[in-house]
Every structure is written in structure tokens, then in C-alpha cells.
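> Residue strings, one per chain:
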Amino acid sequence: MIKKNSLAFRRWNTLKRAFRVLVIGGLLMPVAVVYAQSYDMLLEGGHLIDPKNGINEPMDVAIAGDSIAEVAPQISPDSADRVVDVSGLYVTPGIIDMHTHVFHGTDPDAYIADAHVSVAPDGFTFRSGVTTVVDAGSAGWKNFRTLKAQTIDRAETRVLAFLNIVGVGMVGRYEEQNVEDMNPEMTALMINELFPDLLVGIKSAHYWGDFTQVERAVEAGNRAGVPVMVDFGEHDPPLSLETLLMDKLRPGDIFTHTYSYTRGREAVVDEEFNVKPYVLKAQERGVLFDVGHGGGSLIWHQVIPSMQQQFWPDVISSDLHTSSMNGGMKNMANLMSKFLNMEMPLQEVILRSTWSPAQVIGREDLGHLSTGADADVAVFRLKEGDFGFLDARGRTMQGNRKLEAELTLREGRVVWDLNGRASPSWEEEPRRY
Amino acid sequence: MMHACYQMTGTNTDRIPWYFPGMMLAALALVLVLGSACALAQPYDLLLKGGQVIDPKNDINEPMDLAVTGDRIARVADDIPASEAATVIDVSGLYVAPGLIDPHAHVFFGSDPEGSFAGGTGSVSPDAFSFRSGVTTVVDAGDAGWRNFPEFKRRVIDQSDTRVLAFLNIFGDGLTSGSGRYEMDDIDAEKARAMIESHPDLIVGMRVGHFLGESWRPFESAVQAARRTGRPLLLECHLPELPLSGLLERMRPGDIVTHAFGEVSDRAAILDENGQLRPYVREARAKGILFDVGPGGGSFHFSQAIPALRQGLRPDTFGTDLHRYSMNGPMKNMLNILSTYLNLGMSLEEVIAGGTWRAALALQRSDLGDLEEGSVADIVVLDRQTGDYGFVDSGGMRIEGDEKLEAALTIRAGRIVWDQNGLSATAWEE
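Residue numbers (the numbering used here), protein chains in the order written: chain A, -3 to 429; chain B, 24 to 453.
Hints are all accurate, no fakes.
Straight line, CA to CA, 30 Å or less: simulated BS3-like cross-link-like pairs of lysine-lysine:
no., chain 1, residue 1, chain 2, residue 2
1, A, K379, B, K72
2, A, K277, A, K48
3, A, K277, A, K244
4, B, K176, B, K214
5, B, K176, A, K144
6, A, K272, A, K244
If you are wondering where the hints come from, they were derived from the structure by calculation, not from laboratory data.
If we strip away everything but chain B, and leave its shape as in the complex, we get (with noise of 0.2 Å):
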């Protein structure tokens, strides 16, 4: 090529076949014919086909296929064609949606001897978790402050298959006691508001809980903290010496409110003494402060979420608050609390939503939670089975229902990270 085009452009034109341009135009529409004929052939790596594709950000909820190319979505649209994907996954009779964003968990383990949850075994392994229940995202709890967000970092996030993000505790040693403590000398408003400017992709905003003492300043600061960086504050629990009226008061639109349907001793329920949702927590809800589940082990009572919800208050989230403790009691995973308020009455559309999209919004994180074309290949494919279920609270309550959600497979940035069926496999006999 360098050599004709040398020759073309030195003064011995007649040493140039005649056949020479149209012989360079012929070789090149059979380049672009062949090339686009292959990238038309198998522009994708991944179809999911035939299923009903919920993207609560965009409204859909209908039947749709969905292509993945390397760790992106590249298409939804009816009817692609299977000859278009390099590998081809039958979703028929089940439903695609955004993968589920978790956005209460502790996730911080470790070996430390003291069990804790910052480094020890009171947090849990992420992986070994999420994918099976349909999790892509999940948000640890303030398990890390600005001291040891690093190791946070470096051990959990950076080795995990999990989207880990995060809630930097007010604390600078994060959530070193489960029961909480009375010391405020590790509480630094400026170091936390710089561990966030310096991992702003991976901090969502700040924590507090967990604090004995009847002094506000913890609270504050973790305000302040989060003001200074235009993030929401999770209010978590163990705060037994700050009424929730005034909590809630000195909270902002987008702060968030965890364990929102428990009944416990240290904490003013949501209902009063007559069953009805309290004055100061309608004019919070108003205001836009938003409410996450977050059962645990102890913070989720059916004689708080069944009034509430029929009262108009569903929530907004539905974190897990996964950890040692919650593991193996009634919380399950995050699919389990979907399909207990699929079974109290919310729609699918509606439990997905709260999974994926509006736990994005509240965590503003808009690229997460949607099905979009562009947007990061994080899916769960699920299956909406029906039978006789248990859901269990936090008080050993019971409540009967007939459906519940199972991850069918699971996706994250294009990769199949769970497949319960073998539905992404080929039979073994081929």
C-alpha cells in the first residue's frame, strides 16, 4: 500500500497498473462488506430472549429481549435476533431487571479476634452472598471510618466480584462494637469529608449510629460531613439518648432512615400507642426523608410494616442489613424481603423499583439500577415461583404467602456470576 501510494504520488504515473485503483476500491468494499457482515453477524456477546424485562427507571414491564456486549448493555428491543449473539440464553417465563442494589450490609470481614464488624467476623464475605440472591451492589453500613477506609478498600472492595460501595462512619475506627459506644474522640467532620473528596466513585455518604452518649455531636458532624459533600446520611440504630422527632427533624430531603419498621427497646417505633403512624414521621416522609427496611437481626416487626403500609408508607429501599447475625435468622437476603411485601401487597414492579432504581436514586448513583443501553451489564433473571412460604420478623412472627422470587441467573458487567438452572450452559450429551 505505502509503496503504490509512493508511486502514485511520484512523477512515473504510467508505472501504476490501470487495474490498480479499481483493484484497491474492490479490496476494500469486500473489507467493509466481510467486517460489517461479521459485526452484523455477532454483534453481541450475550441475548437473553424471550423474557419480560422490568426497568422500573424507564417504566418498562414488558416482554423484551436484552443484549450484552463485553460489560455493557447494547440493545433492548423486541425480537433480536438469536443469530446476533455469540452465546443465546432462553429467559422465557422469567423476568430481567436491573441487578439488585443492597444498600445496608456489612460487608468488612476479617479475622479481627474481637468479631467486630469493622475488620472482624460480625461482617460477612460480599461474594459469598450477593450473586445468589441477585445482589450486584452492595452498600457496607459504616463498617469503615476515615482511618480505615483503606483497609476497607484494599481487602473488601478492590477484591470482591461485588459492586462494593460504601458509608463512611462518623467514626474514624468505624463500627468497632456492636452494642455501641460512649467515646467521641475519634470523630473528625474535615478527615471524613476528605477520605469522601478522595474515593468519591466508592463513599455514598455518611453513617452514624451506634453511639451511647446523650451528646449530639456525633450526629452533627456526620451531618455536616455529608453536607459538605452533597451526600445523604444513613441514620442507623443504637442511638438511645436522641428522641427519633428530633433526629428526623434535623435531617434533610434524600437522608435516609434505616430499620424503619422496627419495634425496639432503644428506639421510638414509626406507630404510636393506637397503631397509627406518628405526626413527625408523615411531615419527615413528606419532607423526603426516605425509609429502608434493613431487618438485621432484630429490626423488622410486621406490627410495624403491615399498619405502615397500609397507612401509605412502603419503603423507599430494601436494604438487608446483612451481617453474622442476620445470616441465618428470618432476613434471608435481599429477595426474601422483596417477596415478603410481593406477598403484603406491593407489585412486582413496584418491590423491583425499590430494589434497584430508587436504591440508585437515593445513593446517587444514576448510571446503576437501570436497563439502558450503555448502561453497566448488571442483571438478575428472575423467577417468580408460586407455593406455600413462610416469612418470619424479627420477633419470631409469622406470615403465610404464595409466591416468592428466586435469582434464576445473575449477571455483573457482562459476566454470569450465578446461574442456578444451567440455563447460560449446553447439555452435557453435546
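Just chain A, with the same shape it has in the complex (with noise of 0.2 Å):
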């Protein structure tokens, strides 16, 4: 027995400490050795743009796993086994889309809603950093579940949807008239009950008689505590617009193809390009303007003006579809440079295209990359040089800036680099001859 305050004893505990440092050390090394090279890929150099936590500079992004890891300056690239330099480089979250039709198929009597006009969505997102689309009332709830099955389960964009206020969907245009077979009941049970995670909202469109198809919709959308989305542009004679905008419509509620000029339609901005004032006024109010841009559904003459006179868009989407694919809309990188060269700067052209819509449809864990957050993540080259851009009617605004993805990824997976960024030199690999 050692005494007490003796330079023995004081030994021996200096000793039986030094001990429990070693062993508890020893048992830590390895989770230190882990946590110092935790991540799995770091995006080094970039200038990161994140509405949602107010960050627009340089920052970098480390991702474990499906997740954002970290978001800090100067992230040290020992902590990750993958650095990808996107130095010179924008990186946002995964651009979410949030009016597509997606319900490809092969019905030859339809045409939207399981048909040849829906798109398969992978071949045009991740190109594009989108990495979410929502598809805009393709079903209803009689055809969601094909939906669900053909393109949901089976792509590797996410994909959300807007429910058809029409039972069967877009199946056709007469079918899309039949009053009958718009039931709120129904389509709120669908979104309530079976299918709360993938149903963001209602779609009414292309309906040529009065408000009852909109009535429904937004009945629908009280039942389901979700917003509704109109495309209205088909009557003859036009219905008031005013009226839909002010009355018919919620705060929350989403007009989309904002920018069109038809026929079927009143337009936003008057015959002396002026941008009628209940138009404002209803977005006061929180009603949303999408864009939709589509294959007839973007003028330079209602856009420019109403840039110009501060009536921006809350969403920028694309309403993708095999019409729209190939003409001036193409894709969200080149409809997002569009706002651009028209003078929106940087992050709003970003907000508009990732953290409102997010909001919009109520799914806020999307849009942004917070710690935590699934790691959809786009990295955007903005281009200098002469650049044209096609509006529905064939005609061109000229414009200096472009955005081009350069590397998307979707829960941390690279799906789509367009420069090898993220893929070792072929001089590194060993020559056998």
C-alpha cells in the first residue's frame, strides 16, 4: 500500500493517468481518424448561392452520404475522400422544376396523361442541374397510380406532382371538359390518404367553359390544405381575368404560363405594354405567377415589359413536354438565362428556381443546402459571349450571360458532369504499355 502524498504515490497516479490518456486515446484514434476523413466528396472554391440561409459567396459544400455535411469556408480537403474543384463555379441546390409533364407512355389516344407529349424526365433534368420536377396535372386521380408506377418509381429526378382536378387527366382536350369528372372529394382523399408525400397540389387547365373547373380545383385544395395550379387561356370569349386573380384564387394559389398572349386569354400586360394593375395587386395579395414557359406560353412582348415594370415572377419553370423540348424554351438552364439577361440578378433568378418553389409546394426540406438537407446539389458555369434567346412566337432577345450545369448531384450521387470535373485524369492512371 502506497502512502498517501508520497512522491511514490503521486507516481503512480501521474502513471494510472498517463494510463487512461493511453487507453482512451487509443480507443478514440480510430473515430478521430474517421471523423478527420468524414465526408465523401467536397465542392472546393466555388461560390455558393443558398436563398433560403442568405449565403452568396464563397463557400465550400461537403456531403456524407446523401447529405450535406457541412457548409463552410475553407473546408480542408484532407476531411474528404473526393475533392471536385468547382473553383470559378456557381453551386446552388438541385434546381427544382415545378411545372413538367413527366406521364410518359405509349396510349395512342391520349396525348399528355400516358402519351407521347409526356417526357421521361432523367434525359432533361440533371443536363439542366435540375434535380426536382413536378408534374403539372398530367393525372388525375383515376391515372395517378400509372403515374406513379411508369415515371415516379422509376426515375432518378425526384418527382412530385400536381393532381389533375379531372379524374382521368390530361387524356385529351374534349375529355378535359367534363364537369362530371372533376370530383374534390376524390382528389383530396388521394392527396390526404394515399399519397401525402408525392401530392403538392391541383391542377386545373384547359377547361373552355366558365369557372366551375377552377371552383372545383380550389374546393379540392381546401379539402387537401394544398395550393392550386391554373393554366387558364381557352375561353371564348376570354373570362375575366381580374376575377379569377381576385376572387377565384387563394394566397397560395399558382396562375402559371404568366407570360403568355392568346387568343383564349387576357394577357398581364395591356395593349400599350403596361402591366394592368390588379395584376400587381393579386400578387400582393399572394397569389403566385409561374412562368410555364412551354412552347407557346413566354412573349418577349408581355415578359420584358413586365420585368422592366417590376412584375417578376415568384416561380421560373419550364413546362416541359416533347413541344417545348426543342423550341425556345429547351431547358431550365437556358429559361433561367433568359431572366438574366433580362436583368434579374444572380440569386433571385436562383431563389425563383429553387427555395420559392420549395415553398410554394409546400416541401421545405427541398431548395436549399443546409446541414442535413438531401444533398441535390447543381454547380453552374456562367458564360460570357453572344447569346440568343427564342420566345413562342420565333422571336429573339439578344443577351450576354448563360448558365451551363456542370455538375449536378442527386443525394450526393454525381449524375451529370459535363467536363470529367469529378473524374480522375486518364495520365494518372498507371500505363501498362
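Now that you have both chains on their own, put them together as the hints suggest.
Quick look at the structure:
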């Protein structure tokens, strides 16, 4: 027995302490090593634009598994297995395209629902920085399960959907006139009970009659607690746009094809190129204005005066389908670039294609790069040069800036790499001969 | 007029006014002059002005204007007056070439729950990929066989704006499994021959691949059907039991081996362990067998392609092997493949030749792939861009490049189907 306070006692205590430190340290060391190398990928040297978190500055982004692990200036490259140099580029949340038609299929008697006008999303999304698309009412409650099986469950892109108030969805313009098939109860029930994680709203579109379709959609929207998106434009004579925006739609509802100019609908800009006062009032009251470019719904003499008079869209979306994919719309990066060249600052463009649509559809887990969020990430190059942009009437607007998707991650996986920056150089491979 | 004729042939000729013939002649002259003036004023629908025309078939690589009327190329000449066309497009600084021909793609898309290439989501829709990459013709690489070719025609060929042709799979139900099959019960060279002969303008040859057994029967039946119809055979991948040497030996001039520069586990590479082209590969090449790139998702490696190029084996054609699993990978699109080879040292004329005229010849479609007066107006206008680019192979290895081709304008049968920067449009302010 060692006497207390003797030198031997003190030496023994020191020895015990040292031993403890060594044992615990030894146990912790593998943990420390793991902790030091805890990221799968580091996007290094880029300029981060994350509107939700108010970030618009140089920032590194580290990813572990399928989530954002750390967002900070100058994260050590030793902390990641794979370091991707994104200097000179803009890092943003994966783009959310809130208006698309992806219910592709082979029904010869239909056009958008399970048919040829819709497209398979993965061939369009990642190459334009898009990681989430929202189908805009191609299906109603009668055929949504087919959309889920054929498209949603098989796509790598995240696919969500507005449910059409018409039960059969966009099978044909004729069928879309059937008021008997506009069932708010069944529509709301599918959203509330069956697919609350996939169905984000109600779509009203292509109706030739009066306000009945909009009213039924709003009723379903009230029952399900989701917004309504309205494609309003085929009435002869046109119905009052002011009534729609000020009386029929609720704050949080969405008016799409905002900058269209078509015989069946009143335009947002009058014949003297002034934005109509009630349109601005509607936006103030909380109605959301969506671009929904499509094959016919963006006209320069609507959108350019609107931009100049501060009537900016709340959401930028493509209305992707076979009649818009090869025309003036092309893809989301091209569409975002149009607004850039109409003097919308880059962070505002990014806001309207990420965090804003996420909020509109009630999916605040998306559209940002907070720690713990899904690692859906887009990396863009902002190119300078002489570019031309086409509207739906075959008219050009010249521009000097254009976004190009360099790298896209979906849940932490590289799904698009334009220039192979996430790939090693072939000279690094040991030559066998 | 009829009345006058009656009078002229009648007996009472003194009823015809004396000035009548003169009036008729004057009217005729006026009509002719006005008519030809109109015709001369605007004989063309579209004029591509100020570009560099590259037409490999005719060995043209010089500044020239190109005019289109209807769906045909009407004139290719120096300085065609702008007043002669309804629409004039300034293509100065750009290259005007025949629309690209992709001899290897999987476009029998559909919603088959098995997700296969024959009517499933393994295949893709051609129009979504073609025009934006300057491609106006794609050839399906055997997704359909003699059983389902009519469905392929109805659903894809007839409904696409892209011109779609096809190699017919020797298996009747086409490409039902991405990994390959063992069963041989659906082989019928005679039915294949009959299907080709009922669609001679659409089916360009036979295709064999994705067979895991030891039997030579599928290959030999495909060769038989090809021979009987005077068409080439497309040798595809996943024939693990059939040695490449034996396959090439049994192939004839004009047959095509695709995935030529791949380093894959189930097929010999064209280079031996010392990086030298194998003798039987050289012999095949000398015999006239064609080599297609077809990177797809796993069949193009710089470790094969670069030494092969250095030893004189250039690709004959630049097929993409486009499908669901290659569309977002390193292959990207046909222009990316052409650009890769541009950066590896092939000239612009050579890569365009491989993407157009040589592909047309390989498919025995000499009506395609050129810019001759009278040919169908399938045209691409290319922008040769400079910058810092990376090109990646199937092993994830990257080379750096400083040139890249982009489609500025694509025209299909005289119609503009892709306009990258609005070259064909008027400014919105006007």
C-alpha cells in the first residue's frame, strides 16, 4: 500500500492518468481518424448561392452519404475522400422545376396522360442542373397510380405532382371538359390519404367553360390543404382574369403561363405594354405567378415590359414536354438565363428556381443546402458571349450571359458531369504499355 | 380563251378582232416575265449564308452558301443573293455540314414494366436527344426483332421527327434483356429476311448480341439473313462465349463491329497486352470490316482508343449507343464523341465524314449524308468553340481538350428543328 502524498503515490497517480489517457486515446483514435476523413465529397472553391440561408459568397460544401454535411469557408481537402474543384463556378441547391409533363407512355388515344407529349424526366433534368420536377396535372386521381409506377418510381430525378381536378387527367382536350369527372372529394382524398408525400397540389387546366373547374379545384385544395395551379386560357370570349386573380384564387395559389399572349385569355400586359394594376395587386395579395414557359407561353412583349415594371415571376418553370423541348424553352438553364439577361440578379433567379418553388409546394425540406438536407446540388458555369434566346413566337432577345450545368448531384451521387471534373485525368492511370 | 379558240377554228374568222393574237401574245409574255420574276425573286425557302460548307462526299470544305427549297437542298454555290430566299440566315463563322447520322442507338422507348430496351424505359425517345446534338438520322441497334418490328415502326419510326432506321435483331422479340439471354427459341433467319424485305427502306441490316450461350447459331443466322438481303451485320456486345477472332473471321466486308474501343470483361480488346493491335483485328480492318465507336455506358476506353488511333485504326463511324444508362454518362451525345476525336487529333473534315457520309455508306444509304443539290435537306450548322473541356471514358478517365462542337442550328427535311441562339428568328423589337 502506497502512502498518500508520497512521491511514489504521486508518480503512481501520474502513471494511472497517463495509462487512462493512452487507453481512451487509443480507443478514440480510429474514431478520430474516421472523423477527420468523414466526408465523401468536397465541392471546393465555388461560390455558393443558397437563398434560404442567405448565402451568396465563396463557400465550400461537404457531402457525406446522401446529405449535406458541412457548409463553410475553406473546408480542409483532407477531410474528404473525393475533392472536386469547382472554382470559378456557382454552387446552388438542385433546381426544382415546378411545371413539367413527365407522364410519358404509349397510349395512342391520349396526348399528355400516359402518352407521347409527356417526356421521361431523367434525360432532361440533370444536364440542366434540375434534381426535382413537379408534374403539372398530367394525371388525375384515376391514373395517378400509373404515373407513379411508370415514372415516379423509376426516375432518378425526384418527381412530385399536382393532381388534375379532372379524374382522367390530360387524356384529351375533350375529356378535360367533363364537369362530372371533376371530383373534389376523390381528388382531395388521394392527396390526404394515399400519397401525401408525392402530391403537392391541384391542377386546373384546358377548360373551355366558366369558372366551374377553378372552383372545383379550389374546393379540393381547401379539403387537402394544398395550393391550386391554374392554366387559364381557352375561353371564348375570355373570362375575366381579374375575377380569377382577385376572387377565385386564394393566396398561395399559382397562376401559370404568366407571360403568355393568346386569344383565349387576357394578357398580364395591356396593348400599351403596361402591366395591369390588378395583376400587381393579385401578387401583393399572395397569388403566385409561375412562368410555365412551354411551347407557347413566354412572349417577349409580355415578359420584357413586365420585368421592366417590376412584375417579376414568383417561380421560374419550364412546362417541359415534347412541344417545348426543342423550341425556345430548351431547358431550365436556358430559361433561367433568359431572366438573367432581363436584368434579374443571379441570386434572384436561383431563389425562383429553388427555395421559392419548394415553399410554394410545401416542401421546405427541399431547395436549400442546409446541413442535413438532401445533397441535391447543381454547379453552374456562367458563360459570357453572344447568345440569342427565343420566345414562343420565334422572336429573339440577345443576351451576353448564359448558365451551363457543369455538375449535378442527386442525393450525393454525381448524375451529370459536363467536363469530367469529378473524374481523374487519364494520365494518372498507370500505363500498362 | 376557249371561246376565242372556238371562234378561231370556226368558219367566221372575220369575227376575231385584228388585235386579238397580239393581245394574247402580250398577255403570255407578261405572264412569263412576271412569273419568272417571281420565281427568280424568291426561288428558295431558306438560305444559309456566309458559312463554311463541309461536304465530305464531294470533298468540299470551303466558304459557300446553301439554299433549301421545300425539303430539298436546292443550290450550293458561292454567294447566292439574299434576295432569292424567303428566309436568310447568317451562318458566318459557323460550319455547314450534312445532318449527323448515328448508326447505333436504342430508341424503342415505351413503358414496359420490365424496363427493357424493346418497348421499355431502357430505350429513349429519339427526338429528345437528336436535334440538339445535330443528329437528323438515328439507327436503332436491334431493339426490335421480326416479331415486334411493326410495333416499333408504328410507335417510334412513324411518330418521330428524327429519321429512324433500324438494324433488326436476330431474336424475334428483340432486345428484351440488357444482360443477355440463353434461349435460342426465337431465332428465324427466314422471318427476319421477310421482315427486311417488307420494309426495305427502314431496315438497314441485321444485329446480333446479348447472347450468353456457346452456340454459334444466333450469329450464323444473323449472317445468313444479312447475306440474303445484301445488308451489313452489326456485331454488338455480350457474346462472351464467342471469341472475337472467330467473329471477325466470319464477318464480311461492310459488316460493322461496334464498341470497338471498349475494354470489357466478356470480349477481347482490339489491343493485346503490349498495346499492339492484334493481327486478326488488322486483317479484319484490311478486309473491309467497319469499326464503330458506340461508347454507351461502358464500351469506350482511352487506353484502347488512343493507341489504336496512333497505330492507324480510326473509327469509321461515331455511333453513340444512346440509351437510358448512357445518356447522362460520359458519352453525352454524338457531337461530344466527335469533339473527343477532334481533340485526339482527327481533323474536322474527318470527324464530320465519320458522322455523315461514311455512316451513310456503311448503311448503304447513299441518298443521305451529303449536301448535294437534290438531296434531302438534313443539315447541321456547327459552332466550333474553344475553351477548357474535359472528355471522359467509360472507366471514368478524363482527357483535356480545347475544342468542342455545338449544334447552332439543325434542319430536318428543310424544317428548322433546333435553333440554339435564335439565328433563324427576327429580333423581338421589330
